[in-house]
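> Fit chains B and C to the known structure of chain A by using the hints.
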Amino acid sequence: MSRNLVLGGLLTSVFVIAALLSFVWTPDSVEAMNIANRLKPPGAGNLLGTDHFGRDILSMLMVGARTSIAVALVAVGIGMGLGVPLGLAAAARRGGMLDEVIMRMNDLIFAFPSLVIAILITAVFGPSATNAIIAIGIFNIPVFARITRGAALSLWKREFIMAAQVAGKTRTRISAEHILPNVANLLIVQGTIQFSLGILAEAGLSYVGLGAQPPIPSWGRMLAEAQTMVSLAPHVALIPGLTIVAMVLGLNLLGDGLRDALDPRLKVARA
Amino acid sequence: MLGYIVKRLVSLAISLIVASVVIFVVIEVAPGDPASFMLGLNAQPDTVAALRAELGLDQSKVERYLSWVGGMLTGDFGMSYTYRTPVAQMIADRMWVSLPLALYALTLSTFIAFPAGIFAAARRGGPGDLTVTGATQLGVAVPNFWFAMMLVLIFAINLRWFSAGGFPGWDDSFWGGIKALTLPAIALALPQAAILTRVMRSSLLDILGEDFMRTARAKGLTARQALWRHGLRNALIPVLTIIGLQFAFLLAGAIIIEQVFFLPGLGRLIFQAITQRDLIVVESVVMLLVFAVIMVNFLVDLAYAAVDPRLRTRT
Amino acid sequence: MSLLSIENLSLSIHDSPILHGISLRIGEGEITALTGESGSGKSMTAFATMGLLPKGATTSGAIRFDGTNLLTLPEPQLCDLRGREIGMVFQEPMTALNPVQTIGAQVMETILVHKAMKPERAEERTREVLDRVGLPPDRFALSRYPHELSGGQRQRVVIAMAIALRPRLLIADEPTTALDVTTQAQIIELLKGLVREQNMALMMITHDLAVVSDMADTLNVMRHGEIVESGPTADVLREMRHPYTRQLFEASRHQADLGDAKADAPLLSVQNVSRDYPLPRKTLFGPRPTFRAVNHVSFDIRRGERVGLVGESGCGKSTLTRAILGLEPTQLGQITLDGDPVWQGGHPNLTVRRKMQVVFQDPYGSFNPRHRVARLITEPFHLLQDPPKGSARGNAIAEALTAVGLKPEDADRHIHAFSGGQRQRIAIARALIIKPELIVFDEAVSALDVRVRAQILDLMADLSRAYGLTYLFISHDLSVVRSITDRVMVMRAGEIVEDRPTEAIFDAPRHPYTRALMEAAPKLPELPEAQDAPHPAL
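Heads up: the protein sequence lines correspond to chains A, B and C, in order. In terms of the numbering used here, the first sequence has 59 at position 59, counting the first letter as 1, and numbering is strictly consecutive. In terms of the numbering used here, the second sequence has 1047 at position 47, counting the first letter as 1, and numbering is strictly consecutive. In terms of the numbering used here, the third sequence has 2081 at position 81, counting the first letter as 1, and numbering is strictly consecutive.
Think of the hints as simulated: they come from the structure by calculation, not from any bench. Among these hints, one or two may not hold up.
Said to hold, decoys possible - As a list, the in silico BS3-like pairs of lysine-lysine whose alpha-carbon atoms are at most 30 Å apart: (1) C/K2407 - C/K2389; (2) A/K157 - B/K1007; (3) C/K2355 - A/K157; (4) A/K157 - C/K2435; (5) C/K2192 - C/K2115.
Extracted from the complex, chain A is given alone in its bound form:
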């Protein structure tokens, strides 16, 4: 096993475990405000210090991890669930009407960055964590559709696929039976990368107030609230920021490690 895989796997599991643990236990309540105890630097009592309301930063980060992971995970699910079948269908009918329509739709969605989608949804329905999920999820669809189509197209040229056609299997069945298993590795690796991008996007959206709303803690909003405090108590901005960096770094390392372990020749898009 590569160093990337071990390090990435460790980092990622720390965050996942912390998020799961927060359902049953946090060092302190995330709602109890204690103004007397505000902006305390890291140390005994509050391991990572307190924010401007005197809340325990470590506890907030643990609950915030829940939001981040949930949003990013569901968004990747949406992207894979819709993008992969679309990509498979487009490749199975290469050059046909369906392929053309799917690819043009993809291009169109690429013109709407997730922030713009989030802005549109918020303008209509008001801000919420669901917004963030939908906005990031929609943007993930063309990512998965493209990468699936690209990999599937090169497989369709292979002779074992032609052999399956000669064996009378339908295109749908060949896609499910031969193409999908052979692109699965690629999708797993791309999935980790989209997951990490989802964490970043969710943080950005909650930072500008388009993501999870109070009282649900989220990493992005912790940073937004910390902004005015940054000269008084740098740790309120530093610690959540480094948390995001560590989580994203962990996922990226995991993705790289998986790629090397599964197939060093995989082509993964990073955009």
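What follows is chains B and C alone, placed relative to chain A:
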């Protein structure tokens, strides 16, 4: 070549039309009547009706779509529901912050990424490569708005080299404007540069394995000459795609970064408009952003044709 | 003194040995051939001479060029030598040229990088040398791009690049392997002419004994990184002191024992079939022009008949194959098997598919790498309404594997455990398992080394005798078709130009194109006494 451009232009036009329909429909779904919203709860029904007529809200949806699009084509983006000033004017003022910021960041990111990517690829596996790869690994993990806050903390609050935010405008001095945009542009550019460096590096490494690179060496080119003369231009093709995609991210990222530095750009405008339910402003700004992204991708397509002769003759 | 002398060269890459004590000499104006099957180390010898070895390669011995040991020469001096004193031509012309640079710029670069001439003179020389390799500047402007040229034309550009500065040694690594037989003959003539004119030494690397037998002065036969036999070509081919040389020679002109032909009722019938492909629009709104890949083709294959279909790349044989297999519809005409149409109501006809199987060219690409042999070869069972289950299925698998010379136990192994030849046997087992009426062999032995090819051809002949197979054997290689078919069809530009019994075609080809193909095909010398001679003592 001409055929290629025409084909791209047709697809550009179709993208713009579909995008405008999507945006228009989404905004139409929004609950509430802008006229009653503008006049408040106590407004008389006939004043509301008069305002509706003035804003064109009494027309059919198709008519309103056409007049919206027609207006935009002639530079008329309608009236802000909140401020009763032309939206075009509001956008024009703000655009001179957001657009230069995105372009500044794009330039920075390209100027960092190209040398870094080439450097790392040429020294594959060596300490230089490992340093660059490690830095990019960290760079792609950093949220740009947090990075921006850290830049403010270090360079504005502690070192006092830059001001922590605000924008003096371009009228006083060009360099004053540039200086105010420098920290925001760096914050935007560095994470993007990390991505671009990785793409540049891996694209070059792919090309280094191609047969024609071996041919070049057999002609007597040194490894470095072969990289510069034959590798670079071929490696540029995937890099261009990413640059095109990055523009969308930079524009969106600029909106977020503007919040950190209190810059009076499109970001401020749009978030204000969302809170005030000034939907016509939201609609127009979103359309403008999408227009910019689609245009940049069109330019990228043209750049492809300039780089790759196969595209010029094929279609 | 020889221009190039390789002395006791050994090479290993990351500690795995590739070459063991290679020694050979090439004098000016001499053609020396290195031949052997894939993995014999012949290309590595060439790259070692060029100083272009992959990372992690370690060498011992010496490669002396004009007295200088290239193995110890510093990189800058090697760069100076490459392209100026030593030129190289590669196997794959489609990828050997930079796609985004004009051919003129690429040829001129050889001259300019060595600062051999002023730019104006360099351009003049570029025109001269392109003209010399058969690309006259009035038809092939310097501003052309590689993608606008055919494979053979691209190979000429590569040769022009290699000889632009009149190098004293030219290394050609399988320069004609990727080319059609008629193009191959032209490129070989070109190389021979250049050697004569410029008194150049040529190191010719090829797997094809026939190619070198009438061009090389000296022949080196390589196996497993060693030269097993070397000497003047005629002597080597006459004496064949090493058994490996004899095996190669005999496998190259192997004739399988096909048994007698049976001519029964027609099985496959192709009637007046045409297939068009749309091309990109020339004008924006004009009609899409089409390319007719197959043009009014008609023929029958009778039950028990073994038919060959031969043609060069782009002649339409792949398109025709796809139409026969029902992978694509045709625009015109009809293909029927046993009276049933292959394509019916917009869909391939399953009744017909059941009676037809195919064996493809690439032994590495024709299997899903994730599945085991048992699952791979039973894929056609999908076509049966009542596929065998349980022990019947196991028996069918065992029978098919045994028929192709493998063991029933191989069913549980993954495909990557098998060599290229074994994979091609598995592909044949897959084709046999539902006992089809017709098997299509699509370039089924083209990717194999000669000795393996001979074994597979024997297997096909054995199966044909045992099961009374009917097959269509598609190939670009006339000599292979000769040994394995009763009847041959020659295809050119979408049409079948000659369709007669195999022996008749080879004895007296009628169509000028068939004659051209046969003349272009490299031939092994007739050595009857050597063929019958007992094996010399080892």
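> For every hint, state whether the structure bears it out.
Hints, verified against the model:
1. C/K2407 - C/K2389: 20 Å, holds
2. A/K157 - B/K1007: At roughly 27 Å apart (the allowed maximum being 30 Å), B/K1007 and A/K157 satisfy the hint.
3. C/K2355 - A/K157: Since the Cα atoms of C/K2355 and A/K157 sit roughly 24 Å apart, the hinted pair holds (cutoff 30 Å).
4. A/K157 - C/K2435: Since the Cα atoms of A/K157 and C/K2435 sit roughly 26 Å apart, the hinted pair holds (cutoff 30 Å).
5. C/K2192 - C/K2115: Holds, because 28 Å separates the two Cα atoms, which is no more than 30 Å.
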